[in-house]
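Peer 1: One letter stands for each residue in the lines below.
2 protein chains.
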Amino acid sequence: MSKKVAIGVDIGGTLTKVGIVDREGNLFAHTDFSTTKHKEFGDYLDELKSHIEELKSKMDFDYEITGIGVGAPNANFFRGTIEHAANLLWKGVVPFSQELQKRYDLPVFITNDASAAAIGEMIYGEAVNMKDFMVITLGTGLGSGIVANGQLIYGHDSQAGELGHVMIEKGGRLTGLGRRGGLEAYVSSTGLKRTVFFLLSDMMDDSVLRDYSYNDLHGEMISKAAEEGDPIAQAAFEMTGRILGEQLANFTTFSHPEAYFLLGGLAKAGKWIFDPTRKHLEKNLLPFYQGKVKLLPSGMMDKNAAILGAAALVWNNTES
Amino acid sequence: MSKKVAIGVDIGGTLTKVGIVDREGNLFAHTDFSTTKHKEFGDYLDELKSHIEELKSKMDFDYEITGIGVGAPNANFFRGTIEHAANLLWKGVVPFSQELQKRYDLPVFITNDASAAAIGEMIYGEAVNMKDFMVITLGTGLGSGIVANGQLIYGHDSQAGELGHVMIEKGGRLTGLGRRGGLEAYVSSTGLKRTVFFLLSDMMDDSVLRDYSYNDLHGEMISKAAEEGDPIAQAAFEMTGRILGEQLANFTTFSHPEAYFLLGGLAKAGKWIFDPTRKHLEKNLLPFYQGKVKLLPSGMMDKNAAILGAAALVWNNTES
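Here the protein sequences line up with chains A and B, keeping their order. In terms of this note's numbering, the first sequence is numbered consecutively and its last residue is 320. In terms of this note's numbering, the second sequence is numbered consecutively and its last residue is 1320.
Worth flagging that the hints you see were computed from the coordinates, not collected in a lab. In this text the structure is predicted, and so the values were computed from the model without any measurement. Just so you know, even glycine gets a beta-carbon here, dropped at the ideal spot from N, CA and C. Any given hint could be a false lead.
Said to hold, decoys possible - Label-pair restraints from in silico Cβ distances: (1) A:G270 x B:G1178: 26 to 34 angstroms; (2) A:G13 x B:D1022: 54 to 62 angstroms; (3) A:D60 x B:E1282: 50 to 58 angstroms.
Kindly produce the complete structure, drawing on both the sequences and the hints.
Peer 2: The following block contains the structure:
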């Protein structure tokens, strides 16, 4: 009997990652290519197909492809489209699944990357036995995938889980989309950096971070400085974790998850982000939630989370 | 063939309401009695049984009882319990379903009143064809029942949908449970009254509301004053609707509902609460949600919502 596999495709603003994965999470072949090379969507799909064919040629056992799962910004799960994605070249509404199915007679499932991450956590990660949890991705922005009753929450028009845009402070930091005070302006890799620069203005302490320009400062430098006792770096993590903890406590009143999983660049800072977040989450939870809500690193952190999450979409939508 | 009916029981802090309802929402017989008469939970259940038997004796056609649905504060759907309810006499964990099933060999389902209201909206109200919506109950406090993917969100330990406790302002109004700044301290019948008293302190305008003590002022008087052009009453509704609208915009980033339904005393104020809420909801929605999220009066507003919501639990959990 041939082995069932899924193709996972993660479309990022810069790179597209593709891989072939089985139900157990084995990644048999993978590659990546530039998302920005093709202005024409059809040309992009042709290149995607050539990479998939190349990966297929490397497979050295009998297999059967169950479907193709795709994580992409502004993806609409119900319509199989990518709609008005600000950081992709293809404007308007792109009929992704329909066009890909002209090239492959296979089921195609598409959703946004944080939702794919949540499904990945459920299929391959640490949420295998959980029915209620959230994955929070902390990269350039803050993404979220919400699972309740064992199902991903898509929402009425497939745009649930935009928690990076929760307004946490009136007239606060500019957030994009012309808004101020959105959560991701504070809690994300970018948010942490903005907080460092706020604290450089607010505090008087010496800090190695005073030697970097905004454009030169990267997240790992902030972790390293915190590790070496830098007061600005440590205060930046404390403030970031406080805000995240307070907001996770608020989110708990919504769907009462068993656990929050953190994934992405900022999550790699380990205790520097987990400790203050956990402290302020617990402190702000209502009494009947206290001690019941876990804050955990994603089980996908050291895996190829983006490809696996996309592939997991296939199993999630084809298994009954 | 005998007609299938459900028994709906709504346990409030003061009154318990009981009725017999069919799948179409016909309420054939109903009554109420004091919740606070019996300190012993067993005595209370005996009285509940005597009322159910009395209602049954009034039925003048062949019927079959499918189950008993119960709406109660601090109910745990998974365990069938009422746990540490602050406004009931029975302390600790009350094994409600188990004890009621000693008296009736029927399925018993219990959940909190706002969740029952959401299921009522789905079975009997205006959400019959919706898969993603929320019911917000605006009474003494703010309750919420959240439906996503066509299912009520219960959460990991049955305590999802506590949106009255979302923290909206650091160091804001005392909210109960020792917290400050919780949403229901601003948006509820009580919240509206607190806002009137804040505005009486803040504004200089003449107002009929200056003639009432806090204890004597009731919601309908505020609506009536607003109707008559009273500036304090109108400003109180505007502020309440602004805060509710802002928060509904935040909630939209979670589960992207098709509609919010308002139910309860404050919702009866009609345009005075709906107009400012709708305006500030729309203003604060992210661009891709704008024009897509409805704010509607609950379809249960003029019905016996509490009994019907409780009865709806039976159909929701016995139909496949």
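Peer 1: Determine for every hint whether it applies to the structure shown.
Peer 2: Hint by hint, here is what the structure shows:
With their beta carbons about 32 angstroms apart, A:G270 and B:G1178 fall inside the hinted range of 26 to 34 angstroms. Between A:G13 and B:D1022 the beta carbons are some 55 angstroms apart, a value that agrees with the proposed interval 54 to 62 angstroms. The beta-carbon spacing between A:D60 and B:E1282, approximately 57 angstroms, falls within the hinted interval of 50 to 58 angstroms.
Checked against the numbered hints above, the structure breaks none of them.
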